[in-house]
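Work out the full structure: start from the sequences and follow the hints.
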Amino acid sequence: MDDLLLSKIRLSAIAELLANEWMTFSALLRAVNTTNGNLGAHLAKLVEAGYVAEEKVFVDRKPQTRYRLTKSGRNAFVAHVSEMQKLLEQAQ
Amino acid sequence: MEPRDPIPGEIREHAAMLDRILANASREVHLSGEPFIVWGIIGAVLNVVPQLIFNGGAPRSLFFVSLAVLAFGIVWTILWARRLARHAERWSNLDVMMAKLCNTIWMLTAVMAIGATTRVFANWASAAIWSFAWAIALVFAGWQGNRIALYGGIVLALSVVAANLAPLYPYAGYVLAAGMLLGMSVTGVLLTTQRRC
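Protein chains in written order, with this note's numbering: chain D, 1 to 92; chain P, 1 to 197.
Hints are computed from structural coordinates only; laboratory data are not their basis.
Please note: incorrect hints may appear among the correct ones.
Simulated pairs of lysine-lysine, DSSO-like, Cα-Cα distance not exceeding 30 Å [stated by the list, open to error]:
no., chain 1, residue 1, chain 2, residue 2
1, D, K8, D, K86
2, D, K8, D, K71
3, D, K62, P, K100
4, P, K100, D, K71
Below, the structure written as structure tokens:
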């Protein structure tokens with residue numbers, strides 16, 4: 001199983017990004033319901049693994065960080081769900 | 001880090017967590033109310049003006065006022081779309097789909113209403129297809145989980161049917177205008193209010 005996706009915060013972030021073309025850090029923070037630092041740390045791991053892409057833009061001269069799910073992130077999520085289903089079937 | 005084999009209890013817990021997270025993840029299409037308020041009013045004006053002119057209640061020159069209102073609407077929409085793109089905090093897959101649908105409807109309806117008027121879309125047909133086209137967009141949004149949009153779309157569609165009824169047909173412009181106000185502008189107000197709550 002993908003250890004990166006065993007975390008509830010990371011899984012929640014990926015689930016939100018699945019349904020969105022992109023999301024800002026603050027929108028993800030509200031959706032995932034955790035602290036600033038905690039989410040930042042988890043997103044950094046996902047970005048490092050190539051599952052999530054991070055881009056910094058300026059909106060009205062204020063910096064804004066946006067996140068989007070990459071193709072490998074989407075594939076990893078699908079593989080993880082599929083693996084979970086197999087393991088559940090085996091456990092039954 | 002090497003992958004480890006999870007124990008069955010852990011698997012079930014994780015699967016349950018996955019189900020909860022996916023169920024709670026946002027799936028609804030987010031509609032901004034402002035364009036519906038503005039275009040509902042513009043649509044009403046564009047329907048009322050020719051009805052007034054036809055009934056002899058206004059001079060033909062009023063037609064140019066409705067053209068000015070239409071031009072204002074187009075400029076407002078472009079500026080609004082640019083502001084939305086700058087300030088949005090998320091752009092969901094459904095939002096992308098809705099935007100593409102609305103743009104498609106807008107472009108094709110404009111071509112039909114302008115290019116096929118006088119013969120194919122005679123009388124009130126060119127006005128009615130706008131109501132019908134926006135009803136499609138709203139009902140589609142409604143099926144993605146937005147009930148306010150669904151009711152607005154149904155009201156708009158019903159206004160076209162109502163305008164076709166024999167007793168109401170002489171006042172078709174007013175009926176279509178009422179449909180625009182109730183089906184689009186009121187929907188826009190409700191969507192805006194819902195977002196702020």
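Checked hints:
With a C-alpha separation of about 20 Å, the suggested pairing of K8 of chain D with K86 of chain D holds against the 30 Å cut-off. Annotation: proposed proximity of K8 of chain D to K71 of chain D holds, straight-line Cα distance about 21 Å (limit 30 Å). At most 30 Å may separate the alpha-carbon atoms for a hinted pair to count; K62 of chain D and K100 of chain P meet this at roughly 28 Å. Only pairs whose Cα atoms come within 30 Å are accepted, and K100 of chain P paired with K71 of chain D is accepted, the gap being roughly 22 Å.
The structure shown violates none of the earlier numbered hints.
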